[in-house]
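Let's have the full structure, built from the sequences with the hints guiding it.
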Amino acid sequence: MKKQKLIYSSSVSAILSATFVAVITIWAEKAPALKTWLADLSGHHWTSKSILSLALYVAGLIVFYFLPREMTPKIIKKYLKLAILFAFLGSLAIFVFFTGHNFGWF
Amino acid sequence: MFEIFLSKPVLIGMHLGFGIIGIDAFLWLLGELKYKGRNHAEGRSAFGGKAAAFVGALSFIGSWIAGGYYYVTFYGPLVRPVIKAGLAPWAHNIMMETKEHIFLFIIPLAVTTLLAVLLKEEEFESLNIRKVVMLLAAFIAALGLVIGAMGFMISAAARWGVIN
Numbered sequence: 001m002k003k004q005k006l007i008y009s010s011s012v013s014a015i016l017s018a019t020f021v022a023v024i025t026i027w028a029e030k031a032p033a034l035k036t037w038l039a040d041l042s043g044h045h046w047t048s049k050s051i052l053s054l055a056l057y058v059a060g061l062i063v064f065y066f067l068p069r070e071m072t073p074k075i076i077k078k079y080l081k082l083a084i085l086f087a088f089l090g091s092l093a094i095f096v097f098f099t100g101h102n103f104g105w106f
Numbered sequence: 107m108f109e110i111f112l113s114k115p116v117l118i119g120m121h122l123g124f125g126i127i128g129i130d131a132f133l134w135l136l137g138e139l140k141y142k143g144r145n146h147a148e149g150r151s152a153f154g155g156k157a158a159a160f161v162g163a164l165s166f167i168g169s170w171i172a173g174g175y176y177y178v179t180f181y182g183p184l185v186r187p188v189i190k191a192g193l194a195p196w197a198h199n200i201m202m203e204t205k206e207h208i209f210l211f212i213i214p215l216a217v218t219t220l221l222a223v224l225l226k227e228e229e230f231e232s233l234n235i236r237k238v239v240m241l242l243a244a245f246i247a248a249l250g251l252v253i254g255a256m257g258f259m260i261s262a263a264a265r266w267g268v269i270n
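Protein chains in written order, with our numbering: chain A, 1 to 106; chain B, 107 to 270.
Calculated from the structure, these hints are not laboratory results.
Among the hints, erroneous ones may be present.
Covered stretches of chain B (in silico footprint by chain A; criterion: 3 or more residues with CB under 8 Å from a CB of chain A, positions within the stretch not fixed) [said to hold, decoys possible]:
hint : segment
1    : 173-180
2    : 202-212
3    : 216-224
4    : 228-234
5    : 237-248
Glycine is no exception: its CB is placed at the ideal position from the N, C-alpha and C atoms.
Written out as structure tokens, the structure reads:
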């Protein structure tokens, strides 16, 4: 049962981490002050995003593991699917954003 | 001796090599899950996906560290200006900007997959998550391949940037 909860919390954390990376990446491109803050945090904006996304994943893993929630096969399957979906949508959002940015669409 | 490991060609080689091993490992896992599915239906059992998922997750972490160090230390000051001034500045603006960020999705997904296949066989079967874990492994391998293709375009753009 504990291992099942770990899979669930890892899936939820992967969703949070993917959302965080997609949002902060696009946001930082539109807000230079945020990009500067990220660069100042570790010396490079990408290193900061890496550290923060990893920290969010680990923190989420711990928090969702200890938060009370009954585990069922349906819930585990649902969040595994959502983890794939969010990573796919996050990849698509980042690709479309930088494509548009390159061509001056936005 | 140690500086060889931190040199540009070795870092690129480690980034690519670990990436390829990671992709192959998740394709291997995909095969294990499919093969095991057949075995299970026939009443036999041989769950060999744990090694594949472990190797895959570890390799992607290695690729992340080697590629990240190269990107931060060498790519920005040395390669980026060449690409931006060359024939294909979009290789940086679109491909590298996308690649460096979507790579961050892989590690949490790879660890999640590893945790799923670490379940005891009976528990794994009772949860009925074989298909979704297969989908997860396939998605990780596909994302790795897309990132690899982007890396190839970035390297080509840098080479043509120098020639041009």
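- Item | Hint numbers contradicted by this structure | Of the numbered hints given earlier, the structure breaks none, since each of them holds.
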